[in-house]
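Once you have looked at the hints, place chain B on chain E.
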Amino acid sequence: MPPLRRAKPAAAQPATSPEPTAPAPMTPAEIAAQRRKRRTGALIASPGALYLLIFFMVPLGLITVYSFATRTSTGRTSLSGWNLNSYERIADDVIVGIIARSAWLAFLTTVLCLVVAYPFAYYLATRPPRLRARLLVLVMIPFWTNGLVRIFAIRFLLGSNGPASALSEAMGFGTFRILFTPTAVVLGMVYGFLTFMVLPLYVALERMDWRLVEAARDLYASGSKAFWRVTVPLTRSGIVAGCVLVFVPSFGSYVVPEILGGAKTLLIGSYVARQFQAARNWPLGAALSVLVIVAMLVAVAINQRNSANAERTPAGMP
Amino acid sequence: MTNSFSTTRRPRRARWLAVAAAAALVVAACAGGGSDNAADDCEPGETDGDLAFYNWADYMDEELLAAFEDETGVSVDYTVYESNEQMLSQVESEAAIYDLVVPSDYMVALMIEEELLLALNYDALPNVSNIDDAWDNPPFDPEHQYHVAYQWGTTGIGMTYDALDAIGGESTWAVIFDADTAAQVPGGISMLDDAPETVSAALKYLGYSITETIESGDEDAIREAGALLKATNDRLVKYDSVTFGDDLVNGEVDVAHGWSGGFAQAFFETDAYETHVYTIPAEGGVRWVDTMAIPHNADNVCSAHAMINFLLEAENGAALTNYTYYGSPNEAATPYILDEILEDPGIYPPPEVEARLEFIPHAGDMALLIQDQLTNAKS
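Chains as they are written, first to last, in our numbering: chain E, 1 to 318; chain B, 1001 to 1379.
Chain B extracted, bound-state conformation:
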């Protein structure tokens, strides 16, 4: 066949073109950056364009977005992500420009360090006064310049009452990490597919403090936790950070490591409260808070402030919690939150349980070591 499109050798010039184009893109990518604080001029409720809102999956009552659009006249371009790191790589690489993102505690610290966040203009956020004082000076943003708390929750273990009875009625990390205790549970076990969370759970079982271990750079303790994860790997049915609640109520597993609201959502939807329970193990668990923050390169800074202020209104904050089943940092919202949520110890733990909770700090240099522990466990 002598068709003029078939040729076997790629001309060299084409290759140079590709290299040149690649180089041009690299240069363009490096030349970006630089921020001026456009937030200073924003008035409360003022908008300056359509809002690009990047939030966790299944973490927003979309009626609130519609209400915001009606109130302000700007439209909201709402997209979702499944992990802090996914959001980070989008913001960092400027693959897309967002006006509002929802990083968790340690991610706020990392993004501040990398100068990826814009300092907020509190003059445009009068409703910040609705936030409970307990959230005033968190360790991840000591001067409280860059974030406003969105929702908070805990990491613990969801299980069937049968499983809880089988291990003696008290929740403990041993149900995952101790072979003999785990053997008493009839069904399967799952863990979050998340290195900081799994390592923290192992640290708690081993009796370490998460905060002290990571902040003091105790690599041996991290490796010890990693070895425990590796020994546990074969006992697990799966790692899952998205459907852990559904897997538990469906009977795919009997014990699941996961986030409070994920379980609460699954339990409410299937009326599984009679048979299933979310617990903080006796050794303690993780507490976290997701926050609203504005990326350094946001286009519509005033709209972002308007949205933050809007979500901080008492009734809107309550609507959020009534949808997500996570705790609200919004004190003024309490009267509007459903009683079944306020009275659920899995969502609002009693003080003695709260005392056993720790934040996972920003790991800095240790981040890669922590990631490696989960990788090693799986291989």
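Chain E on its own, in the form it takes in the complex:
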């Protein structure tokens, strides 16, 4: 969410006085040049800012407005008699259960992604640069294919007549049924969001100072000790970023649970969609959307603070 840029940054004015090494006063020509620079900046940013305003801020505002509205008995949304009923309903056992289940599956997805992606990113980051670039392209290729198509492909793979089942039968384990269970949903989400974990981990590992690991080994740390005490703390920002990037979309995921879960295990994404369509309860759907957005913002804020901290502490000094 790039912020809207105003001509004058708030810090510009007070910055002159408390600064111990105050800069020399600017000549009028310099001031004019700086202004021109700022104006060009605002101009370049304006299409993006306008786009976000119209297609992000306005809908978000509308959703928030609707979340305080009333559902009439016929299912229309009445934009009057503003109230908090929809937010109160979130405390219902049913909805709390749906939220808890969504959070649990998102958590499982995140942990599995981390476990799978860390060794993989480690391998990537320790290859010679040219091979690294090629391997990275291989990571990206599946994600140039339409996500829906890939999820349907998994559905075919996991089907009770699909290849996975046939293989297990041929090996003497009998047929199995994963499709349309929470297991299939987690599998699909791990697959879908794995790149979001691999890339930040790769970046963190790639820019890590490997001499610190060598130093640990020189000081008689075992391989695993060096990993846990040096490598993992140094890549913490990558781990947190990856976890946020996977958890947030998994929590609100709609397509994967609908297709691989057989609509049997109700998750928050499907429940919200249901409120806007079959149940015609827009205020409740809007209130839940606001809740999910707030949860997402909290997660992103944690990530921001984390990466800001990581930048402030010099590399190697956790």
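There could be a bad hint or two in this list.
Covered stretches of chain B, as calculated for chain E (at least 3 residues, CB under 8 Å) [claimed, not checked]:
(1) 1084-1094
(2) 1101-1115
(3) 1243-1256
I should point out that these hints are in silico values taken from the structure, not numbers from a laboratory.
None of these values were measured; they are calculated from a predicted model.
The beta carbon of each residue, even a glycine, is placed where N, CA and C say it ideally should be.
Chain B only, in chain E's frame:
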């Protein structure tokens, strides 16, 4: 890095702009509406512009649309939806303007109540006389002002003959709702992902009348049906309203709750008639009819009338049924409908089966309660 695009604080004015823009949109949305009856001037076959036709997915022989375009010279902008509610939210929010939509029975009642439909001009619809008298005065539009029947069908159970034999040869809702009976079926079971349909099926199994229960506002019966759905949830493989027929012939499930034509389509396409059958359970099932109707805010009302009249022509009505495998309300179309469809008891049930069918009435205040039953069952 001192690049002039990075800033940490959002200026307050931007936030006010967003709020103001949101408020402006809300006001604009509320100010719409109001309808004048433009249909009165339409002549039979007259068109007044390109037709925006919003129909159920997989519910139209597109050759008919091409034929209409050739005949009238207007082009048809054809889009599809997967549920009545999806269509309703589009029409209601005016997210797009449609000239012709295909709501089901209870949805017609709801849309009339919400003043979302335009009264039809029967002078522009001479072919209405082709419709079977049985569809004259339906409960959802008693004065028959707003709709013309499009296709009709039933909701029941599709299964393999093996499953039918396993439960003793007679179809019953117990194959889904009774644990012991369901256990006799080797494969999986699926139900429609649709609250009114699942609740109605449960009501039928429990011995209630769907119409009486909903019209009398019997909330206890609805909750009893909901409890039954919850007890059944773990036994099901999935809920599905789109691929239930394919899942059945593919062997993903052995028993599927679904709509007559959906099964017929899947059976015809895969020659599965030897092994699979669509049945109305002994306790009874649901009958429904989809209808053609014109939204109150339609732009090209005459074109919409022309299309309705066109689809009511005997041969066109038959082409529709020959494509969808759903029953035709068009009596005049009968001679042109394929024999295999006319003779299929799954599509045209015999009178004694027809007597066990009920419409799902417009639920009104009960709609949310009915929706909640399926939600609760899944959580």
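Original post:
the segment 1101-1115 of chain B covered by chain E? Criterion: 3 or more residues, Cβ-Cβ distance below 8 Å.
Top reply: Coverage by chain E holds for the segment 1101-1115 of chain B (3 residues, Cβ < 8 Å).
Subject >> Verdict on chain E covering the segment 1243-1256 of chain B, where coverage means 3 or more residues with a C-beta closer than 8 Å >> reply: holds (count 3)
Original post:
Against chain E, does the segment 1084-1094 of chain B show at least 3 residues with beta-carbon separation below 8 Å?
Top reply: Our answer is that it holds, as 5 residues pass the Cβ test (under 8 Å) against chain E, meeting three.
Violated hints are absent here; each numbered hint is respected by the structure.
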